[in-house]
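Asker: Work out the full structure: start from the sequences and follow the hints.
Just so we're aligned, residue 1 is where the sequence shown starts under this note's numbering, counting upward by one.
Any given hint might turn out to be false.
Derived BS3-like pairs (lysine-lysine); straight-line CA-CA distance at most 27 Å [unchecked claim]: (1) K7 to K37; (2) K37 to K87; (3) K148 to K160; (4) K89 to K163; (5) K87 to K148; (6) K87 to K7; (7) K142 to K160; (8) K163 to K127; (9) K94 to K67; (10) K160 to K131.
Think of the hints as simulated: they come from the structure by calculation, not from any bench.
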Amino acid sequence: MSDEKQKLIDEAVNNALAGDEDAINNIEDRVTRAKAKAALVKAKRSGVPVDKDESIANDPIAIAVEKALAGDEDAINNIEDRVTRAKAKAALVKAKREKPNNESSSVKDDLPSPEETLNFNQLLCQKIAEKFPESIDVVQNKDWIQLKPENWLEIATWLKTDKDLIFDSLQCNTGMDLGEGVLESRYNLHSMKHLHSTEIRIKVNIENPDIPSVEKVWRVADWFERETYDMFGINFTGHRDLRRILLPDDWQGWPLRKDYEEQETYHGIVVPKVKEGWE
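Answerer: Set out below in structure tokens:
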């Protein structure tokens, strides 16, 4: 970059920081203007004091973040454009983390210090544990939430209806054979309103593979649960029509279990074996 263009960028950034909103927008060269905007963002992040009203005047995301920090909970949720709303939420999280230590106590109270190191799944796990005691399995992971099966229907209903969660989309539900007599059902949940997601995992013993059905909570779970039942033999209690969906109703065994042995005949018809070279 030439010294002349660098000087132009430096002057524009300094003028913008001083309150001249058009200092950068008036740069005619598109590439130089883009570099100046990037330099301005970097300058602001480095701690250069900027007047609040001037810095957010033309930025809808910044305006929404400032309102949210001031206590307006719906400032971001009311943004109609989904992408802009998601960017605003990310900016809010970053703004809270970057607040200096000398901020007012009201802002400090809005930053739960022990939770700053926890991700969304861990925070959600804490909420579930508080609302549904004894429902959390002892084994946890930051990438998913491990639950016991007993209260799953009640928890699922809460996950969908709580205004701060609204997990209105069950995107996938499948099964796993973890070996040593343990089966697992996994649920991928997404909120179309809040744009957050989580994964719920529930283990059951192969001798008693009962998990409450959630097809009354998320209707799409109807076929998800039937397929998991068909392949793994997990019994989704309360399902209104739990039957095989891929195999005949009188098929023997659960094909995706580790101990599955394919029957040799079906109604007198020889069941073809896997061809050589396919394994």
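Asker: Tell me the numbers of any earlier hints that the structure contravenes, in ascending order.
Answerer: Structure breaks hints 5, 6.
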